[in-house]
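Listed in order, the protein sequences are those of chains A, B, C, D, E and F. This note's numbering puts the first sequence at residues 73 to 201. This note's numbering puts the second sequence at residues 73 to 201. This note's numbering puts the third sequence at residues 73 to 201. This note's numbering puts the fourth sequence at residues 73 to 201. This note's numbering puts the fifth sequence at residues 73 to 201. This note's numbering puts the sixth sequence at residues 73 to 201.
For the record, the hints were derived by calculation from the structure and aren't laboratory data. Careful, some of the hints might be misleading.
The list treats identical chains as one, so a pair stands whether inside a single copy or across any two.
Under the rule of at most 30 Å between Cα atoms (straight-line distance), these lysine-lysine pairs were calculated in the BS3-like manner [stated by the list, open to error]:
{"id": "1", "residue 1": "Lys-199", "residue 2": "Lys-163"}
{"id": "2", "residue 1": "Lys-163", "residue 2": "Lys-97"}
{"id": "3", "residue 1": "Lys-93", "residue 2": "Lys-199"}
{"id": "4", "residue 1": "Lys-163", "residue 2": "Lys-123"}
{"id": "5", "residue 1": "Lys-163", "residue 2": "Lys-93"}
{"id": "6", "residue 1": "Lys-123", "residue 2": "Lys-93"}
{"id": "7", "residue 1": "Lys-97", "residue 2": "Lys-199"}
Number of protein chains: 6
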Amino acid sequence: MQPIEYRDASPEVRAVFDDIKATRKVEDVNNFWKYMANEPRMLAHLWGSLKEMMGPGALDPLTKELIYIAVSITNNCPYCMASHTAGARAKGATDAMLNELYAVTGLANMTNRLANAYDVPVDEGFKQK
Amino acid sequence: MQPIEYRDASPEVRAVFDDIKATRKVEDVNNFWKYMANEPRMLAHLWGSLKEMMGPGALDPLTKELIYIAVSITNNCPYCMASHTAGARAKGATDAMLNELYAVTGLANMTNRLANAYDVPVDEGFKQK
Amino acid sequence: MQPIEYRDASPEVRAVFDDIKATRKVEDVNNFWKYMANEPRMLAHLWGSLKEMMGPGALDPLTKELIYIAVSITNNCPYCMASHTAGARAKGATDAMLNELYAVTGLANMTNRLANAYDVPVDEGFKQK
Amino acid sequence: MQPIEYRDASPEVRAVFDDIKATRKVEDVNNFWKYMANEPRMLAHLWGSLKEMMGPGALDPLTKELIYIAVSITNNCPYCMASHTAGARAKGATDAMLNELYAVTGLANMTNRLANAYDVPVDEGFKQK
Amino acid sequence: MQPIEYRDASPEVRAVFDDIKATRKVEDVNNFWKYMANEPRMLAHLWGSLKEMMGPGALDPLTKELIYIAVSITNNCPYCMASHTAGARAKGATDAMLNELYAVTGLANMTNRLANAYDVPVDEGFKQK
Amino acid sequence: MQPIEYRDASPEVRAVFDDIKATRKVEDVNNFWKYMANEPRMLAHLWGSLKEMMGPGALDPLTKELIYIAVSITNNCPYCMASHTAGARAKGATDAMLNELYAVTGLANMTNRLANAYDVPVDEGFKQK
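The shape of chain A in the complex, shown without the other chains (with noise of 0.2 Å):
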């Protein structure tokens, strides 16, 4: 597929594209949405759900930056683990935080198999009510 520019895209795409523009006060959409507009209506799905999510909530954007980006790692995803540091730098990550970030992910999915290679049985105090 190739990705769609502004220029050629049909009114229903250039309206998720001019929202995204004017949230992210940006002047052009990042390619990943260039791509997604191959598929407009999952490309509104899926600017609905981000929109509403990873702004301000329960959890702070950046700490949703770090969250998208430890995820990105775990999956291998080249493009979200760039897109996202950039967006987790630009709402204040810094280099000590992101080494932090790193070291955690990677002591998680070393924990998760060999708690899974132990088949550890729950603990009755982690059980949830």
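Fit chains B, C, D, E and F to the given chain A structure using the hints.
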């Protein structure tokens, strides 16, 4: 493998268990450590790593627990989800925060695959200097 | 490992290459098979499996290609995405079909983790008899 | 988190539940939605996405269910396997079709790793224009 | 799907079951094969592949069982961990060996993500000729 | 993040680099460690763990390298595959061994999903005492 209780543990393992109990102010270590005690070398290294990296640093301990949960969800580790959710709640996580965490983790898993499927090239502005 | 070309292949490998070429009506096998030829036993088993399972059956060949792509996206295998997208297009897949496939694959990856995070119990009606 | 039943749900959640029930012609929503109701914003976005993308389109609804199952197997999500297998059967999936689906999913997981292990370069003919 | 017992199996399936029993010197096949018998074509191919590749070769059978366990831990397959641990023990694996295997598998899962997070370029000396 | 060369490293990082060079008898550390040096605490813990667990023990060092490669293939980590393949070859791995390793890794990834898809119950004889 069977879990190793304090009373049956070697001095090497007991030293780690004692440090976990003193650091976390708990009466007994949780099951994960009792199983890890089957490999005393790894037990010591792992506790040393987690003790240093999960405490206060560039990221606050609650943020690190949330990152841990996001990775554990992505990798499908029920024990890790249970133990780190308990850890996150003890550090102040609310239901609202956990619900947002789950939403962000879900969205990241989706966009990871969409970026992947469309083979989206990294934008110039996202490339790290 | 290096790819093994027909001219350098053992009779055992040539027999598999010949069958691939005859079955698929192509002049040369694609790179995957040339690398697999480094392990002639596995080459023969793998081709035997794919030849029998990817052809017509309870599911039509195009549906099987789409399933293959969905798994390859989830596992992040660029070679497999490229080769099976070519295979799907040769069997009639349109851009509209591929865009829907990507959307469904993305959504499945999201809901997989949400079901996981909330530890949703299987409804009685969904349990297999 | 606990599931949220209709009688305890907010008007916002009830509206989504009502639409699920009307669309699918069922008396109650399945457990997944009752847990998702803990995050009403994500509930609404997710149902909106699935309602639009899983219905008729370029791919028929049964094919989409099969794709969903393949991804759920690959990610190891028992709830998703159970719910989408029920969905696939309701849309006409037979045992023979499911058995082929499992075989194709297994083979794709194998060849994904073999392509990966041998670092197979993409053939010129497979590159997308 | 239900498991298929020998008494209910087709001649085609019985032939595979007989070969498994003779090769492994067991009185009955384990559950995996009884479920795989729902897809007799895949059953035959899979048994043929495993019989040839898991026996003696360039790697000894115990090493192959350990590799199998490491992959099964990484993918979180409890059945596979159980069956191949039994297989490894039957070929001489000790608790000390399994504990080291778990440690190495955990470490590999961690460094895989750290290499990924830092996007480490491959050293010249590591590139294959 | 940028790699940290010895000349620019802190005394803490230099001490780890010196130990890696002395242990492995190499003139310079490989790229992985230069990037890990951005997080000196994790660098020290990680090297400590790998030094102890990857050396001689219940499993020989070559077997551990093969296990490492199998996990790295499954997780799709090109850097890790390259570095541990070099490590395995330095410890005696032949092409025939690596080809079998790839085949076993591929087969394990397939049967992991088939056991998963059929939801095969663990045989009594496979349950650990």
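Hint check:
1. Taking CA atoms no more than 30 Å apart as the test, Lys-199 paired with Lys-163 passes between copies only; the shortest distance there is 17 Å, against 35 Å inside one copy.
2. Taking identical chains as interchangeable, the C-alpha atoms of Lys-163 and Lys-97 lie at most 30 Å apart only when both belong to the same chain, with a minimum of 14 Å there against 35 Å between chains.
3. For a Cα distance limit of 30 Å, the shortest separation of Lys-93 from Lys-199 across copies, 20 Å, qualifies, whereas the shortest one inside one copy, 44 Å, does not.
4. For a Cα distance limit of 30 Å, the shortest separation of Lys-163 from Lys-123 qualifies both inside one copy, at 15 Å, and across copies, at 28 Å.
5. In this assembly of identical chains, Lys-163 and Lys-93 lie within 30 Å of each other by CA distance solely inside one copy; the values are 17 Å within and 37 Å between copies.
6. Taking the shortest Cα distances, Lys-123 and Lys-93 sit within 30 Å of each other both inside one copy (12 Å) and across copies (27 Å).
7. In this homomeric assembly, Lys-97 and Lys-199 come within 30 Å of each other (Cα to Cα) only across copies, at 20 Å, whereas the closest approach inside a single copy is 44 Å.
Checked against the numbered hints above, the structure violates none of them.
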